[in-house]
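Trainee: Chains as they are written, first to last, in this note's numbering: chain H, 1 to 205; chain S, 1001 to 1205.
Because the hints were derived from the structure by calculation, they are not lab data.
Just so it is clear, CB atoms sit at the ideal spot from N, CA and C, and this is done for glycine as well.
Any given hint might turn out to be false.
Calculated from the model, a selection of chain S residues having no Cβ within reach of chain H, i.e. all distances over 12 Å [claimed, not checked]:
{"#": "1", "residue": "Ser-1047"}
{"#": "2", "residue": "Glu-1049"}
{"#": "3", "residue": "Pro-1083"}
{"#": "4", "residue": "Pro-1084"}
{"#": "5", "residue": "Thr-1101"}
One-sided and incomplete, this derived list gives chain S residues near chain H with beta-carbon spacing under 8 Å [stated by the list, open to error]:
{"#": "6", "residue": "Gly-1040"}
{"#": "7", "residue": "Phe-1118"}
{"#": "8", "residue": "Glu-1155"}
{"#": "9", "residue": "Leu-1174"}
{"#": "10", "residue": "Ala-1184"}
{"#": "11", "residue": "Leu-1185"}
{"#": "12", "residue": "Gly-1202"}
Listed here are the chains, written in short residue letters.
Number of protein chains: 2
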Amino acid sequence: MTELAETPAQPGAARTQGRPRSSRAHEAILEAVLDLLADGVSVEALSMEAIAARAGVGKATIYRRWAGKDELLLEALVKLKGPPPQPLGDSVRADLVRLLTVVGPKDERAVRVMPCLFPEVHRSSEAYRIWQEGMAEPRREVMREVLRRGIATGELRPDTDVEVTTSLLISPMLLHRMVRWNPALDGYEDLAERVVDTVLRGVTA
Amino acid sequence: MTELAETPAQPGAARTQGRPRSSRAHEAILEAVLDLLADGVSVEALSMEAIAARAGVGKATIYRRWAGKDELLLEALVKLKGPPPQPLGDSVRADLVRLLTVVGPKDERAVRVMPCLFPEVHRSSEAYRIWQEGMAEPRREVMREVLRRGIATGELRPDTDVEVTTSLLISPMLLHRMVRWNPALDGYEDLAERVVDTVLRGVTA
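Looking at chain H on its own, in the form it has when it is part of the complex (with noise of 0.2 Å):
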C-alpha cells in the first residue's frame, strides 16, 4: 500500500497500534470470527459470546482490543484478504493480470466469508462501509492506479473510463470467485489473461 498515496490506510490497525498485536489472543480473537463466518454463522448472528468462546478467551478480552462488532469484523477482514497485490510497472497489462490473480497462498475462508457480507449491505450501513473500507476499495484504487498510468503513458485510449473500466476487470472475477456465477468458465486456468485481453483489445471486429 505504500506505493499509493491515495490508498485509504488499512482500517481496523488504528485502534490497536501500539498493542501488542502478537499477542496469541489477539490473533486468536481474529482467527474465530473468520471461522464462525466461514461456517456459515452470519454477520448479524455473530456474538460476542459465540466469538469469545471459539477463541478460547473471554468477552472482556475482546471489549479491551475492540469497541464493538463491527471493529473487530472489520480488522479480521482485512486481515483475511490481506494486502492487494502490488503493480510491478511493467506492462499495464501485465500488471492488470497479476491484480486479478490471486497472489500468495489463499486463504480458503475467503471464498465463504465474502457472500455472508453481501445479504449485510442491505441490512445496515455499518456493514456497507466495513466491507468497502476493508476489502473492495483498497483493490479498487490499486487497479484504478495501473489504469491512470496507461493513460499517462498512452497504453490506453486518453478517454478510457477508469471506473467503468475497473469494474469491468474485477467483477467477473469477483463473482466467479466468489458464487461461481458462471459455471461455464469453470476450465479456464488462464481467466484473468482473457478477461484483461478481452476489456484491452474490445470485441468489435
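Assemble chain S onto chain H, guided by the hints.
Mentor: Leaving out everything else, chain S in the frame of chain H:
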C-alpha cells in the same frame, strides 16, 4: 424465451401444470416467500410455518402445490425476476444495451433478495442449482445468443470468447445493482451503454 431453442424451460412451472396458477392462495404463497426474503430472512431460516403464516394459508395448502421448500423457492425466484428481456435483432450494440438495461417496472425486492442467495451457494448445491436455473442461466443464454449472432454477422471478432464476454457484460451490472459494489458508479445513468461500449471498443489506444 420462445425464440431461444437452448434456453431451459422455466423451472418450477412443470410441477404446477394443470393446477389453477391464478389462484389467490398460490400467488399469496409466492409473495410471502419473496416478502420474507426481502425482509432479511435467510434461505436457511425460511420455514414453511413462516411462509404459511405470512400468506394466510395452512401448511397443507403449500404442500399440496410444491414438493418442498426448494421447489417453492425456485418458482418464487422465477416470478421475481420474470423472463429475461428479449433481443430485438437490431445491432449487437443496441441489443446488448437492451439486455443490460432493466426493462419494465422493477420489483424492488429483487435487489434485497438476490444477495441473500449468495451465502447459500456454499451451504447447499441445491440452492446453487435453483439460483442458476431460475435466474442466472436464462439471462446468460440470451446474452450468448446476441454475441453469437454478432460473430455470425461479422459485427464481432470471430475469436470472441462468448463465455468471458457474457461475464464481462453482466457481472459489473449485477454487482452494482445488487450490492453497490463500486459506489463511484452511482452517478452513471448510462452505465449499461458505457459497459457495452467499453467491451465493444476495448481500452487499448
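Trainee: Decide, holds or violated, for the assertion that all CB atoms of chain H are farther than 12 Å from the CB of Pro-1083 of chain S.
Mentor: 20 Å, holds
Trainee: Report holds if the minimum CB distance from Thr-1101 of chain S to chain H is greater than 12 Å, and violated otherwise.
Mentor: 15 Å, holds
Trainee: Does Leu-1174 of chain S meet its interface restraint, that is, does its C-beta lie within less than 8 Å of any C-beta in chain H?
Mentor: 7 Å, holds
Trainee: Would the hint on Ala-1184 of chain S stand, with a C-beta cut-off of 8 Å toward chain H?
Mentor: Holds - the Cβ of Ala-1184 of chain S comes within 8 Å of chain H, reaching about 4 Å at its closest.
Trainee: Would you check whether Gly-1202 of chain S satisfies its interface hint, that is, whether its CB is within less than 8 Å of any CB in chain H?
Mentor: Where the cut-off is 8 Å and the nearest Cβ of chain H is about 3 Å from Gly-1202 of chain S, the hint holds.
Trainee: Does the closest beta carbon of chain H sit nearer than 8 Å to the beta carbon of Leu-1185 of chain S?
Mentor: At 6 Å from the nearest chain H Cβ, Leu-1185 of chain S passes the 8 Å test, so the hint holds.
Trainee: With a cut-off of 8 Å, does the beta carbon of Glu-1155 of chain S approach a beta carbon of chain H closely enough for the hint to hold?
Mentor: At 6 Å from the nearest chain H Cβ, Glu-1155 of chain S passes the 8 Å test, so the hint holds.
Trainee: For the hint on Gly-1040 of chain S, does the least C-beta distance to chain H fall short of 8 Å?
Mentor: 6 Å, holds
Trainee: Any Cβ of chain H at or closer than 12 Å to Glu-1049 of chain S, or is the non-interface label fine?
Mentor: Glu-1049 of chain S clear of chain H: closest Cβ-Cβ about 19 Å, beyond 12 Å.
Trainee: Interface hint check: Phe-1118 of chain S, Cβ to nearest Cβ on chain H, cutoff 8 Å. Holds or violated?
Mentor: 4 Å, holds
Trainee: Does the claim that Ser-1047 of chain S lies outside the interface with chain H hold up, using a Cβ gap greater than 12 Å?
Mentor: 16 Å, holds
Trainee: Any Cβ of chain H at or closer than 12 Å to Pro-1084 of chain S, or is the non-interface label fine?
Mentor: 15 Å, holds
In this structure, every one of the numbered hints holds.
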